Structure formats: structure tokens, C-alpha cells
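Asker: Top line first, the protein sequences correspond to chains C and A.
Position one of the first sequence corresponds to residue 6 (this note's numbering), numbered consecutively onward.
Position one of the second sequence corresponds to residue 3 (this note's numbering), numbered consecutively onward.
Among the clues, some could well be false.
[As the list claims (entries may be wrong)] To be clear about the criterion: a stretch of chain C counts as covered by chain A if any three or more of its residues have a C-beta under 8 Å from a C-beta of chain A, and this derived list gives those stretches: (1) 14-25; (2) 65-73; (3) 169-179.
[What the hints assert, rightly or not] Simulated restraints on C-beta separations: (4) C:D139 / A:F70: 52 to 60 Å; (5) A:N99 / C:K144: 16 to 24 Å; (6) A:N99 / C:E32: 30 to 38 Å; (7) C:D74 / A:W60: 50 to 58 Å; (8) A:N160 / C:A174: 53 to 61 Å; (9) C:E15 / A:F38: 31 to 39 Å; (10) A:Q237 / C:G171: 51 to 59 Å; (11) C:E32 / A:V98: 33 to 41 Å; (12) C:K140 / A:K101: 31 to 39 Å; (13) C:L75 / A:K19: 18 to 26 Å; (14) A:K101 / C:D10: 28 to 36 Å.
In case anyone wonders, no lab produced these hints; they're calculated from the structure.
Computed from a predicted structure; not experimentally measured.
By construction, the Cβ of each residue, glycine as well, lies at the ideal position given by its N, Cα and C atoms.
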Amino acid sequence: MDLNDKTDAELVRMALRNRNDFCFLIEKYSSKLSRYIFRLSNAPKEDIDDILQEVFIKVYKNLNDYDCDLKFSSWIYRIAHNQLMDFYRRKKTRPQVLIAQDDYDFFDIIGESFDLANCAQNQDDKKRILETLDKLDGKYKEVLVLRFLEQKDYKEISDILKKPEGTVATLINRAKKQFKELYGK
Amino acid sequence: MENNLENKILEKIQEVKPVPKAYFIVKNLLLWVFWFISIIIGSLAFSVISHMITNNDWDLYKYTSDNFLAFTLSTLPYLWIFLMIVFIAFAYINFVNTKGAYRYKVRRIIISSVMLSILFGFGFSYAQIGERIDKILSKTIPQYKMAKDSKESKFWNNPAKGILSGDIQSVNEQGFVLKCCCGYDWDITGVDARPYFDNGITKVRVVGEKLEGRNFKAYDIRPVQKYKEIKEKIQQKNKENGQKNKK
Numbered sequence: 006m007d008l009n010d011k012t013d014a015e016l017v018r019m020a021l022r023n024r025n026d027f028c029f030l031i032e033k034y035s036s037k038l039s040r041y042i043f044r045l046s047n048a049p050k051e052d053i054d055d056i057l058q059e060v061f062i063k064v065y066k067n068l069n070d071y072d073c074d075l076k077f078s079s080w081i082y083r084i085a086h087n088q089l090m091d092f093y094r095r096k097k098t099r100p101q102v103l104i105a106q107d108d109y110d111f112f113d114i115i116g117e118s119f120d121l122a123n124c125a126q127n128q129d130d131k132k133r134i135l136e137t138l139d140k141l142d143g144k145y146k147e148v149l150v151l152r153f154l155e156q157k158d159y160k161e162i163s164d165i166l167k168k169p170e171g172t173v174a175t176l177i178n179r180a181k182k183q184f185k186e187l188y189g190k
Numbered sequence: 003m004e005n006n007l008e009n010k011i012l013e014k015i016q017e018v019k020p021v022p023k024a025y026f027i028v029k030n031l032l033l034w035v036f037w038f039i040s041i042i043i044g045s046l047a048f049s050v051i052s053h054m055i056t057n058n059d060w061d062l063y064k065y066t067s068d069n070f071l072a073f074t075l076s077t078l079p080y081l082w083i084f085l086m087i088v089f090i091a092f093a094y095i096n097f098v099n100t101k102g103a104y105r106y107k108v109r110r111i112i113i114s115s116v117m118l119s120i121l122f123g124f125g126f127s128y129a130q131i132g133e134r135i136d137k138i139l140s141k142t143i144p145q146y147k148m149a150k151d152s153k154e155s156k157f158w159n160n161p162a163k164g165i166l167s168g169d170i171q172s173v174n175e176q177g178f179v180l181k182c183c184c185g186y187d188w189d190i191t192g193v194d195a196r197p198y199f200d201n202g203i204t205k206v207r208v209v210g211e212k213l214e215g216r217n218f219k220a221y222d223i224r225p226v227q228k229y230k231e232i233k234e235k236i237q238q239k240n241k242e243n244g245q246k247n248k249k
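Based on the provided sequences and hints, a complete structural model is requested.
Answerer: Put into C-alpha cells, the structure is as follows:
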């Protein structure tokens, strides 16, 4: 079956009719969510798989709660985000942003969006950016990951983090400000 | 690896049933119902506050307090203000748990909850519901009545400052006898208490001047409870007296 022919709402309806059809939603979102969880954590692969499993079970349990006014991706990211926060609470650690090899665009985006002249010209700059990101407050880190790594718009971030769009904009601005301050030190 | 995870998830969900849609609908509906109930109770509290504030004998502040601010702080209906705040907080908690509430800023939710409570509260005040609540509670809850009486005796009974509060015992040609909140009988002259006494309104505040012993020259007399029917009875009686005097 070509997943591109089906909307998320249709896939949800199919999964509700036949639980084995839930595999289409798993196929569509597992790699995206896995990458998101990986980006927001320094958890090993096994932990990420455990979190992902819990996320999909929770999604399946609450499929009837999915509101079609919302993007399904926002809804599933929200569940993944909450599950990840639970994971941190259980482990009593804090999120640590990891940038993978295929995230090389991220440094250009950061340089451009944060008005950092000659940013990420070499490995040292990139290392400094990552160190700076790691020093940011958790609330700033998660909005930056969603905005610049997951390429979500303000409305989607608002739906994922369950915060008003205005607050998301403020958080991003403050995150940029804090980043620049820390980067400049 | 991916397929492995997919199979694991599919295997696990074989034992899981999606929560029925009705559960989420009822849950959201209940949140709205509780939100509405909280707003209504907050509004009822506001209507009682409004009743108490509008009938507070503000012009008599000089007889009881050093200044207007001290009088205001002493006479604010704190219990009802507390209840109103509690129910606005309940309304807020219920609202933020409804679907989509996160789109609104906390400040906006709180302001709109307060505004709604005040708006409905004005409606209830207009329908004299606040007054009725106060009256019913005074009749049915002894502690509520005791608290009100205690405040009355502590705050509104100060003969040295020119104010007495108590029960009219009898009415005579010269004036009337008042048993004040402290239990003393006072001979009051200067005002006609008959319109009150004849209508069964015995709890009054008397403004005037302390004379020798337990004598008091009154300038004004007011019922403690300012319920609508009391006000109407007094107005009616005063009108009748006025007509009699004209004749």
C-alpha cells in the first residue's frame, strides 16, 4: 500500500478498524520520531527504542482522542515529547542535544538565523555551537530543536509543547538571545 | 531493526484496546461543566460581595474607624472574596485542561474567568440573588450568623464614638430602648424607631451622641440587614407617616 495516498486521519481510522493497520502509522513516523528523540537526548539506541515503543502504544491507546483540527504529526510529536520528559524524570537527567552527521544544515541555519558572522566555518566552531546549545536552558533547547532541526512552524511547536504561539515566539527569541550571550563568552 | 521494532509494537498492541471515544468526549464535557459550575459559584460569591459592599453604611466610617481605608479593610467580606477566588481558580484549572486551552495565554484565561464571574455576578446582584444567599445562610448556618453578629458587636458598637448596634426592646413616647451588642439597655431619644419595630425589624444601628449614663441622643437609625423587603417596608411606613403628619 502506498502511504502517500492516505492522509493521517485515514490511517488513524484504518488502525481503529484493524489494529494491524497501525503498522502504517508506525512506518510513517518511527524514523522521524526516533530522530527527534535522538536529537533531544543522549540516550542509547535501546533507550530510544523503549521510548518509541511506549510512544506508539500510548498513541494506539489514545487514537480516539486524536483531534482532526490538529496535525497528526503535531499530536504524535507531543506524545513523544511528553514520553521523553517522563524518561528524563525517571532517569533524573537533563536533555542533551545531539547533532548527527546528517544535520550539517543545522549549522548553516543557526548561523543564518542567529546572525552569527562566519559561524561554523570549521570543526572548532561547530563544536562551540554544540557546547553552547548544551548549556541552554531545557525550555530553550527544545524549541530550538523543533524549530531548526525538525523544521516545525510556530503553530506546530505550539501544538506539540501545548503553549500559545506567542509564548513559542518569545521562547525562540529568548533562546536566540541566550545562545548569542553564551556563544560570545 | 525498524521492522523488529514495528513487530514488537504490533505484538504489544494486540493486548491493548484503544480508549473509547466516548471517554474523551465525556471527559472534555465534564471539564466544561465543572468550568461553568465554578464560574457560576464564583458569580454567586460576587453577587454576595456586591450586596455587602453596596449596603455597607460607608457614610458612617467616621464613627467606627480612624480613616476610610481602615474602615474599608475592616468591612470587606473576606470570606466571600476568598470563595470567589477559589472558584475562579477552579474554573481556570478546568479550562486549562480542556482541549485546545493551551492556545490561550494564562493571563488571558484568568482575566476572562474573572470578567465572566463579575458579569454573571452583576446579573445575580440585579436579581437580588446575593442578598437571598446571605439571608438563607444567616438563617440556616448558625456559625455564619454568629460570625456576622460577632463582627457587628465588635465593629459597629462604640457608644463613645457615637454609634450603637443592638436590638430594639420597646418603643415609647420619647424614643426607644435598645439592648446593645454588649448586653446593656440604652434609652434612646431623637428618632422614631416605630417604623422598624412595628415591622419586626429590631436589629438596628443608631448614630448619635452618648449622654449621661446609658442615655443616647440619636440622629439616625438604620437596619443592620438591608434586605430589599426591609427597605421597602421602611419606605412604605415612612410614606404613611409622612401622609399622617400632613393631615
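Asker: Next, verify each hint and record whether it holds.
Answerer: Against the structure, the hints come out as follows:
Beta-carbon proximity to chain A at under 8 Å applies to 3 residues in the stretch 14-25 of chain C; the threshold of 3 is reached and the given coverage holds. Residues of the stretch 65-73 of chain C with a Cβ under 8 Å from some Cβ of chain A number 7, which satisfies the need for three, so the listed coverage holds. Residue count for the stretch 169-179 of chain C with a Cβ under 8 Å from a Cβ of chain A: 4. That meets the three needed, and the coverage hint holds. At roughly 58 Å, the beta carbons of D139 (chain C) and F70 (chain A) sit within the given window of 52 to 60 Å.
The beta-carbon spacing between N99 (chain A) and K144 (chain C), approximately 21 Å, falls within the hinted interval of 16 to 24 Å. Distance hint check: the CB atoms of N99 (chain A) and E32 (chain C) are about 33 Å apart, consistent with the given range 30 to 38 Å. Checked against the given bound of 50 to 58 Å, the beta carbons of D74 (chain C) and W60 (chain A), roughly 51 Å apart, stay inside it. Under the hint 53 to 61 Å, the C-beta atoms of N160 (chain A) and A174 (chain C), about 59 Å apart, fit the expected range.
The hinted window of 31 to 39 Å between E15 (chain C) and F38 (chain A) holds, with their beta carbons roughly 35 Å apart. Separated by about 54 Å at the C-beta atoms, Q237 (chain A) and G171 (chain C) satisfy the suggested range of 51 to 59 Å. About 35 Å separates the C-beta atoms of E32 (chain C) and V98 (chain A), a value consistent with the hinted range of 33 to 41 Å. Take K140 (chain C) and K101 (chain A): their Cβ atoms lie about 36 Å apart, and the range 31 to 39 Å holds.
At about 23 Å, the CB distance of L75 (chain C) to K19 (chain A) agrees with the hint of 18 to 26 Å. Taken as a hint, the range 28 to 36 Å holds for the pair K101 (chain A) and D10 (chain C), whose Cβ atoms sit roughly 29 Å apart.
In the structure shown, no violation is registered for any of the earlier numbered hints.
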